[in-house]
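From first to last, the protein sequence lines are chains Y and B.
Numbered continuously in the working numbering, the first sequence closes out at residue 308.
Numbered continuously in the working numbering, the second sequence closes out at residue 1320.
Where hints are given, some of them may not hold.
What follows is a set of in silico ranges between Cβ atoms, one per label pair, in the way DEER data are often shown [what the hints assert, rightly or not]:
#, chain 1, residue 1, chain 2, residue 2, range
1, B, D1122, Y, Q84, 31 to 39 Å
2, B, A1270, Y, R233, 20 to 28 Å
3, B, R1238, Y, N135, 35 to 43 Å
4, B, G1224, Y, S113, 21 to 29 Å
5, Y, N124, B, P1274, 31 to 39 Å
Just so you know, the hints here were simulated from the structure itself, not pulled from any lab data.
The beta carbon of each residue, even a glycine, is placed where N, CA and C say it ideally should be.
Chain by chain, the residues run as shown.
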Amino acid sequence: MMETVRTQALTRRFGELVALDQLTLAVAEGEIFGLVGPDGAGKTTTMRLLTGILEPSSGEAWVDGLHAVREAEGIKDRIGYMAQRFGLYPDLTVQENIDFYADLYEVPKAGRSERLERLLAFSNLTPFRRRLAGNLSGGMKQKLGLACALIHTPRVLFLDEPTNGVDPVSRRDFWRILYQLQQERVTIFVSTAYLDEAERCNRIGLLHQGRLMACDTVEGVKGLLKGALLEVRCESPRRAAGVLRAAALGSVALFGDRIHVLAADADRGRAAVEAALQAGGIPVLGLQVIEPTLEDIFTSAIPEAAHA
Amino acid sequence: MPELAVTLRHLERRFGDFVAVNRISLDVRKGEIFGFLGPNGAGKSTTIRMLCGLLEPTSGQGTVAGYDILTEREEIKRGIGYMSQKFSLYDDLTVEENIDFFSGIYRVPPEKKAGRKAWVLDMAHLQEHRRTRTGLLPGGWKQRLSLGCALLHEPRVLFLDEPTSGVDPLSRRSFWDLIYQLAGEGVTVFVTTHYMEEAEYCDRLALIYRGELVALGTPSEMKGELMADQVLCVSCDRSHEALGVAAAVAGVRDAALFGRDIHLMTEDAAGLAPRLRQSLEAAGFQVDAVERITPSLEDVFVSLIEARDRAEGAQQEFRA
């Protein structure tokens, strides 16, 4: 397996704060790797360390075979980086923005216009090429940011929370583009605070307070959940959640009209839920074992790991 | 007949020729947690601004917390609470100073101030940190403080805008436990969000698109009877290459990669599954599984919007 990104005990402190604590991971060529965690988990710090913008306090990193500190300049030619507040010029048109980045990355003039046309088509921005970037919708700005980050045909793409604030329709569009890029063997390192989005990645690393809590395929991470997750639909779900909590059947979470109960064993859990609700006089409308979401994993498996 | 906290009847707002909100009618019960979803530019913010008494409707009627949105806008502003994703707390002030500041803004009567402050500190579990500078608090704590400040004046309707965006899942869950508790005490909660993880926590959801109410129901109803398409999940080798083959099978409305799998939208999952497997195997792919899955709220959202776009397109062709 060819590794495009590799880190070894990568650590960054800001004064007393350990923003990133001994991160060790590897990302294979052509993989979509998701760095997943809440605000303040250390996602942006990791991005900056890997893109040669920030130097580590200790530990090492390599990107596309180059050392992140000693060969940082070389790295910059081989990667595309879309930061959270990416620098689009609102008073330049779509095309002028891409042109500007082409100059910045010293993309040779020969073949440049073909590349530009391809990127416009690829990001569905061809009809808007003469529109000012400032007049684009949020989703379109994102696609333009991506096109700019791709102008020099990078081998590795770093995307820091690319779909933050973007609606689900544009988000789905954006992922379609990422999967197309993957087919061209571009390695994509993407960060997100949204666990439903993380499910689209090939592999994910869960980052919490600067530490990597788990790193595997989505299925692998879901396998960390011990026990069976039951979804209960019943009358008066709020009261039912109280009843189930009082019965101490395992962790209970209320989601609008459904309740999730994490039981050690599916059959016994099911029987216990039915018994508790019957005793509480609450009719059960539906009770089934469901596949956990990453949020279920995060809220149950992660606290144990964090305190281990 | 349950008590209603929000009623809208044919609510409309135009900006010149542009119809931002097109005759929306809906009711929200007292103590309900109501999610308001829609893509950017769908008319969500315009609706919320009218509900908060900040913008006058062009036509239609509505009430919020019993006040008329046309004639009692000042009363509405005093009777509602609002918390945005960018918690408007002052980082340089201590926890206690922020509470005092918002007490002043919301004109909490002097005799009630101490009691309300104690309530917020208790609710947000911040008694021990009353003199901590707000900027030093972890995200989840700030969010509870922000919620407390929005509730100082005991509003009957609370508006939340992406309240748990970027917060870790544990804090998000405990935040929603607080919201359920408030709702249990009769506070009505109106949530706007782009994030389906937040939408899952609501009692009922409305999807708004192009200024119109496209769907209304509980999260389970949305994934069941209101979802126009069914979703098939295909696990096979070389899914990137298989995507093209799968998308071309008759009856597939939409095909998209999802991690290593392919998700397909179709009207008839049971009929499609065997044909799909056949086509993929004939093309040399090794198919591990083809199964119908419960759609995610995002699937529902996208499918309803695309269905509306198709209807609109068909109508335009008809007119032409």
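Hints, one by one, checked against the model:
no.: 1; hint: B/D1122 to Y/Q84: 31 to 39 Å; verdict: holds, 36 Å
no.: 2; hint: B/A1270 to Y/R233: 20 to 28 Å; verdict: holds, 23 Å
no.: 3; hint: B/R1238 to Y/N135: 35 to 43 Å; verdict: holds, 41 Å
no.: 4; hint: B/G1224 to Y/S113: 21 to 29 Å; verdict: violated, 51 Å
no.: 5; hint: Y/N124 to B/P1274: 31 to 39 Å; verdict: holds, 34 Å
Violated hint for the displayed structure: number 4, the only one.
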